[in-house]
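Listed below, chain by chain, are the residues.
Protein chains: 2
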Amino acid sequence: MTKVSGIGAVEAKRERFDESLRLRSGVELAGFELAYETYGTLNAAGSNAILVCHALSGHHHVAGHYADNPKNVGWWDNIVGPGRPLDTDRFFIVGLNNLGGCHGSTGPASVNPATGKPWGRDFPIVTVEDWIDAQARLADRLGIDQWAATIGGSLGGMQAMQWTIQYPERVRHALVIAAAPRLSAENIAFNEVARQAILSDPDYEAGRRPVRGLRLARMLGHITYLSDDQMADKFGRRLRHGEFRYGFDVEFEVESYLRYQGDKFAGWFDADTYLRMTKALDYFDPAAACGGDLAAALAQAKAKFFVASFSTDWRFSPARSREIVNALVKNRQDVAYAEIESQHGHDSFLMEDAHYHAVVAAYLKGVKT
Amino acid sequence: MTKVSGIGAVEAKRERFDESLRLRSGVELAGFELAYETYGTLNAAGSNAILVCHALSGHHHVAGHYADNPKNVGWWDNIVGPGRPLDTDRFFIVGLNNLGGCHGSTGPASVNPATGKPWGRDFPIVTVEDWIDAQARLADRLGIDQWAATIGGSLGGMQAMQWTIQYPERVRHALVIAAAPRLSAENIAFNEVARQAILSDPDYEAGRRPVRGLRLARMLGHITYLSDDQMADKFGRRLRHGEFRYGFDVEFEVESYLRYQGDKFAGWFDADTYLRMTKALDYFDPAAACGGDLAAALAQAKAKFFVASFSTDWRFSPARSREIVNALVKNRQDVAYAEIESQHGHDSFLMEDAHYHAVVAAYLKGVKT
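For the protein sequence lines, the chains are A and B, in the order given. This note's numbering numbers the first residue of the first sequence as 1 and each following residue consecutively. This note's numbering numbers the first residue of the second sequence as 1001 and each following residue consecutively.
Simulated from the structure, these hints should not be mistaken for lab results. All C-beta atoms in this analysis are idealised placements derived from N, C-alpha and C, irrespective of residue type, glycine included. Keep in mind that a hint or two might mislead.
So the derived list for chain A, only partly shown, Cβ under 8 Å to chain B, looks like this [stated by the list, open to error]: (1) 133; (2) 166; (3) 169; (4) 185; (5) 188; (6) 200; (7) 231; (8) 236; (9) 239; (10) 283; (11) 367.
A few chain A positions that, by computed beta-carbon distances, are all more than 12 Å from chain B [as the list claims (entries may be wrong)]: (12) 21; (13) 25; (14) 42; (15) 44; (16) 228; (17) 295.
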């Protein structure tokens, strides 16, 4: 199957920001760069812009493909393009790689100006709030005073929501998909095992690429991205060789899948970025500043909300999305909620599902540009 | 809190079996030893014996304490003893360490007679069926033709059930607790990540103790043993230092708990045993021999069944226990089923819960000796 991007060839861009940025950790970052892409055209009023925020391992290449590499299609291409739910005929779409990322924005692989060497593990820990501050600078640079909408799935949905709290005047709609208002102890526990896999890898300790640790972290991640039902449908107890081999090579197909996903990821993703993305997830908790009262935290938002969850998502279950909805309802804020039947667990937000896409498209049709 | 064992001081015993045992893997084991303990008195007819089967990291020290180490109380002491549900005034209780274990029975740490050196990673993979065969030899040796009951939780419950299929004449009651008729793809996936943590640990590759891998495997295991609710109650998002430290040391209490559990386990458990226990779980699937028809597989059983599950167990959810119950009901076999409300997830089967223990006690009161 050849994927055809909706929008055609696109180009990655970079912006440098020289003013220093004070992070929540207390570290002062002396300027930074953001890699980003844009699709569609910003209107004269600058009022038709949508910010797409990425999840754990995402980046700025949201849609389209690169002219010199047609197979490199953006991670959310199925929802962005002419006539697609994030319609580039109406909207100016912005995707970026977050601070601390490993796709071109300032992060662990960047040179630390204080030492002239790559930051590596000394790169500061960044939070969702820090990302929003950095994204706000990009918005300034692009001439966007107010986003028509912020949108994202999972960790991306947390950013879409945080925008409404941190810069209430700068966002009219927030689309918060497959997200949660904060991680549960179990969510943190999974992140911690993934981090320990990397941190305890002797290669990491020795300053080398922790391929083993990254591989384990990704294998574990994949279990939480899929649903039990989906794994049952996709693999069940199917054997690679049709019989037991009584050894530790691949026997069940699900083992093969996990090893493949782990190996693929470990070959390219930056471990220091991975560690930081999971910490940003752990820390995210906008209600904390209001004594744990999510409604109080969201009360300052002026945006309208679209919240969506997926029936088989057990990483951030529908109940977690309903916490957000209930807080907004309590405040009599404007919120639309869709609980979508889907086989694909947490990954559903990335999938091309007609009902899901129709719901997003319908909501965005009502967003004025 | 000082734990007081119900039955007092007990002693571990060993039996050697010189006749070779052909394993399901095809390997012929030239004799083996089993470590075991017994509590109570076998009656003259040999008709009051109960076999307690252990789970992943369990062993033969089920109840009581050792005279020279009063703190070493058996892992299921709360349910075994005079007047307890597994009443040692009525029953003769047998607990053993399974073949391949690391608590005294023949396993990876034992000497391979063919080489004169410890088996280590060359120890064959053992299955639940192999364990039942070995347990049957122990029963022969102890003068037990027929168990009054076999009982166990989790992987132990699988053994309790497998007895009724493999030796239908030799068991009158099977108590199958917090178990499943086979692992799901997701269950296998978790086992596979744990195995890969061990197998890819450079210390394991180099023939040393894979402390890091065992630690990760156990941390991951603990997430699946607890329930999301229980983790929320026990840890929530509570911080170790009351504030974020923006580093990779322990920040959330749940991280501290997992690291502690991982470190403790990695200090003593045998990696080659751990690898084999997870494979025994993966392989277990009595229905497979009947084309996936569990009812057909159980039709040969002559035992009466007691099946119990726990509301918050997501490793082997109540739905998995109901698969067993439904198969037995389809066959019009005798089965009692209890779905017990509990906070403690999969670990509930080990907990002292008044309702749970009352249900087990009531069932066992009806078991003739």
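Structure versus earlier hints, numbers of those that do not hold, lowest first: 1, 2, 3, 9, 11, 13, 16
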